[in-house]
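S.K.: So you can see what is in the structure, the chains are spelled out below.
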Amino acid sequence: MRTRAIIARAAGAGTFPALHAASPAPGAHSAPLAATSARSAPPVATNARRGPGAMLGGLAAALLCLVMALLVPATAARAHEATMAVITLREIAPGRFIGQWTMPPVDMSLQPIFPPHCKWEPPELVCGGSGLTGRVSFMGLGSRQSVATIRVIPREGPMEVYTVSAANPSVMAARNPGTDLAVWRDLAETYVNLGIDHILRGIDHLLFVLGLIWLVKGGWKLVKTITAFTVGHSISLAAATFGWVGVPERPLNAAIALSIVFVGVEIVKLQRGQVGLTARYPWSVAFAFGLLHGLGFATALTALGIPQATLPIALLFFNVGVEIGQLAFVMTVLALLWAHRQAQALLPRWGAAIPAYVIGSVASYWFLLRI
Amino acid sequence: MKKWLRLVTAAVALALAPTAAHAHLVDTRLGDFYSGALHPLTDLQQVLPWIALAVLAAFQGAQRARWIILVFPLALAAGGLVSLEVPLPSFGPVLGLVLVAVTGLAVAAAARLPLGVLLGVAVVMGLLHGAQNGAAMVATTDRVLFLSGMTAIGYGVITLATGSAIAFLRGAAWRPIALRAGGSWVAAVGIMVLGLNLARPIAG
Amino acid sequence: MKRDFPDAALPLALLMAAIPLSPAFAHTGTGVALGLESGFLHPLTGLDHLVAMVAVGLWGAQLGNPAIWVLPITFPLVMAVGGLIGLSGIDLPFVELIIAFSGIALGAMVAFSVRPPLWVAATLVGVFAIFHGYAHGRELPEAADAVSFAVGFVVATGLLHLSGILIGVLVGYEAGAKVVRACGAAIGCVGLYFLLGAVGFIE
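Protein chains in written order, with our numbering: chain A, 160 to 530; chain W, 380 to 583; chain R, 57 to 259.
Take these hints with a grain of salt, some might be off.
Partner residues aside, some chain A positions facing chain W, computed with beta carbon under 10 Å [as the list claims (entries may be wrong)]:
id: 1; residue: Asp356
id: 2; residue: Leu359
id: 3; residue: Arg360
id: 4; residue: Thr491
id: 5; residue: Leu495
id: 6; residue: Trp497
id: 7; residue: Ala498
id: 8; residue: His499
id: 9; residue: Gln501
id: 10; residue: Ala502
id: 11; residue: Gln503
id: 12; residue: Ala504
id: 13; residue: Leu505
Some residues of chain R that are not near chain W, with every Cβ distance over 10 Å (derived) [stated by the list, open to error]:
id: 14; residue: Leu106
id: 15; residue: Pro128
id: 16; residue: Phe168
id: 17; residue: Leu174
id: 18; residue: Trp175
id: 19; residue: Val183
id: 20; residue: Gly228
id: 21; residue: Val235
id: 22; residue: Ala241
id: 23; residue: Val246
These are computed hints drawn from the structure, not numbers from a lab.
Ideal placement from N, C-alpha and C gives every residue a C-beta, glycine not left out.
Take the sequences, apply the hints, and build the full model.
M.R.: Written out as structure tokens, the structure is:
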């Protein structure tokens with residue numbers, strides 16, 4: 160799905176510089192990730208084999224498959240798309256644009272939707288001081304017209320091209336903020352919110368973090384573990400957003416599900432008195448899986464289609480948002496655990512393993528769903 | 380001192396929570412789970428008696444209080460499910476206010492209740508509020524997500540409030556009095572709004 | 057009684073924690089927020105109500121056990137009764153006069169550190185509570201959101217009591233006791249001012 164959007168984007172813009180290639184560039188670029196995964200995977204697999212339960216053999220095999228999947232670049236792209244529609248916006252005065260269909264749509268009901276602060280009275284678009292920033296999408300995208308492109312020619316600087324497809328229905332328009340504080344604030348607000356939104360909606364990420372909290376219990380060790388997870392996912396989020404590494408979405412999601420299964424297994428092991436890998440090296444395990452989850456975050460960010468100029472800033476704010484959301488979640492869980500201890504409302508001995516099994520089975524179900 | 384810090388942090392978090400709730404009311408970016416979770420928080424008529432119920436439970440001691448952590452969210456979820464089939468009873472708003480007044484008065488009196496009565500109040504309140512929140516769903520709302528969000532927030536608020544109240548009660552003699560004064564305020568709100576409702580019934 | 061407050065930092069901290077409540081609601085602009093805001097400001101805008109409420113806390117602290125806990129717990133309930141009277145449309149006579157007078161009386165009690173039997177104190181405070189609640193009850197039907205208006209003014213009232221009690225903690229010290237009595241005298245003067253206003257001496 161992502162691949163299609165990118166092809167479309169490239170097709171829409173002849174002069175268009177190679178934007179953040181979310182799909183993997185073949186060759187050297189995909190090597191770093193593959194190497195990291197290969198490094199992190201074997202201890203997991205060997206550990207899993209030692210552990211109890213029938214699930215574990217499958218876990219090891221699946222991780223092997225995952226490594227294979229990561230090594231094989233996903234280049235299966237659809238070469239042909241439905242007809243294009245291209246609208247060009249030329250900035251005639253700061254914040255004022257004249258829009259024209261360079262390639263008119265087949266379906267004339269197709270209309271661009273600009274951010275709320277912009278006034279679109281064809282052919283004029285007035286956006287005021289903050290310029291054309293915010294979410295841009297199209298009304299009427301469907302079977303007849305599946306792709307539309309907006310080309311923005313600013314008074315200064317290079318042309319920006321945004322492509323919207325039915326699979327990828329909106330893009331974030333932005334410009335290099337320079338020293339304009341208002342634009343910085345807009346960017347910060349948009350992407351911090353997106354980050355918070357993404358982590359709080361990403362039940363798989365939250366479940367993994369919950370598992371880590373359960374494993375490490377609390378205190379200084381938990382701070383270190385969560386920090387390691389954060390560092391890990393920040394690194395791979397940046398790498399994937401800039402297009403240095405690319406992972407096809409399905410195996411990635413399956414691998415994320417698998418990481419949660421792993422944590423569930425580790426909790427059960429800990430409760431049976433065995434010292435698992437995570438209990439021994441919590442922060443290295445958290446870091447390794449953080450790399451994996453960061454790739455997942457990146458799919459949310461790249462799906463938005465962010466122009467190259469603002470990509471580093473967008474990435475920064477998105478990451479900040481993710482950390483805010485994650486911190487809020489961790490704090491909530493710790494507060495609830497504290498409250499449970501105060502009220503002496505703890506699970507009875509026979510039920511202590513239930514949460515781990517629930518986490519494990521939900522994640523296994525996701526894994527099966529995603530492969 | 381660390382314990383204080385935690386208590387105060389919790390208080391601040393509670394004080395700020397309704398603001399966060401308002402921020403997303405119009406534009407629920409986070410999906411129906413979060414709109415379900417935030418819906419009760421925007422209604423003081425629900426949050427107040429929840430906290431009063433938790434404090435009342437804390438007055439019964441941890442051994443009894445812990446049951447409402449289990450019972451109340453279940454009742455809330457059941458009420459939400461019932462609302463899918465049965466329309467809201469007309470006595471709903473009045474019953475809600477009676478619950479505010481009753482839980483407030485019981486806290487003010489620091490009443491020792493049998494476990495059954497405590498859980499009965501929790502069940503009635505959970506069913507009613509679950510049904511009231513459930514009735515707020517529109518045709519496009521994802522029912523499963525909304526109801527699980529509502530149950531999650533009910534569990535969260537009740538657990539945090541019960542735990543905090545139990546921790547708070549452990550200590551100097553003025554602390555139960557502070558909580559009882561708080562209960563008295565809740566009761567005053569309940570009585571007055573109930574009076575208003577009976578004198579001039581509000582729709583809904 | 058002093059020993060009941062081993063750690064004054066906590067009530068203070070809680071007070072601080074409660075303060076974000078009003079600014080947080082100030083700008084959200086929904087019915088709940090408006091109700092909370094107007095309810096919270098209502099007891100604070102009438103100086104006669106405000107000082108009388110602080111006087112209740114001061115006097116409670118001065119009287120010590122059991123008044124210090126009987127008063128804050130029963131005051132809201134008695135106030136609610138006054139609120140009901142206000143709601144029911146019954147016209148109580150001389151509302152302004154009695155509120156101003158209770159300010160004078162409470163201020164005088166604190167200033168002269170009078171220690172009447174509990175029931176006398178309770179009656180005096182109760183009369184004030186009824187009239188105070190009555191004044192709020194009259195406003196309730198006009199509120200944007202009745203529950204949040206009630207919560208707002210109840211929280212403000214409670215915070216006023218609390219500040220009275222916290223100042224009242226000073227009675228444990230010799231100089232502090234004088235400060236408390238001076239506060240009482242000041243409250244009495246404010247009450248007198250409003251009394252004169254109510255009978256028409258001062259415009």
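S.K.: Tell me if A:Gln503 is really an interface residue toward chain W, meaning its C-beta lies closer than 10 Å to one of theirs.
M.R.: Because about 5 Å separates A:Gln503 from the closest Cβ in chain W, which is inside the 10 Å limit, the hint holds.
S.K.: Was R:Gly228 rightly flagged as not at the interface, with every chain W Cβ beyond 10 Å?
M.R.: holds, 14 Å
S.K.: Hey, does R:Val246 actually stay past 10 Å from chain W on C-beta?
M.R.: holds, 25 Å
S.K.: Take the shortest C-beta to C-beta distance between A:Ala502 and chain W; is it under 10 Å?
M.R.: holds, 5 Å
S.K.: Classify the hint on A:Trp497 as holds or violated, based on whether any CB of chain W lies nearer than 10 Å to its CB.
M.R.: holds, 6 Å
S.K.: Would the hint on A:Leu359 be counted as holding, given a Cβ-Cβ threshold of 10 Å to chain W?
M.R.: Because about 6 Å separates A:Leu359 from the closest Cβ in chain W, which is inside the 10 Å limit, the hint holds.
S.K.: Does the closest beta carbon of chain W sit nearer than 10 Å to the beta carbon of A:Leu495?
M.R.: holds, 6 Å
S.K.: Would the non-interface assignment of R:Val183 survive a Cβ cutoff of 10 Å against chain W?
M.R.: holds, 17 Å
S.K.: With a cut-off of 10 Å, does the beta carbon of A:Thr491 approach a beta carbon of chain W closely enough for the hint to hold?
M.R.: It holds, given that the least Cβ distance between A:Thr491 and chain W is near 7 Å, below 10 Å.
S.K.: Is the nearest Cβ of chain W still more than 10 Å from the Cβ of R:Phe168?
M.R.: holds, 26 Å
S.K.: Does A:Gln501 pass the interface check with chain W, least Cβ-Cβ distance below 10 Å?
M.R.: Holds - the Cβ of A:Gln501 comes within 10 Å of chain W, reaching about 4 Å at its closest.
S.K.: When you look at the beta carbon of R:Val235, is every beta carbon of chain W farther off than 10 Å?
M.R.: holds, 21 Å
Going through the hint list in order, the structure does not satisfy hint 15, though it satisfies all others.
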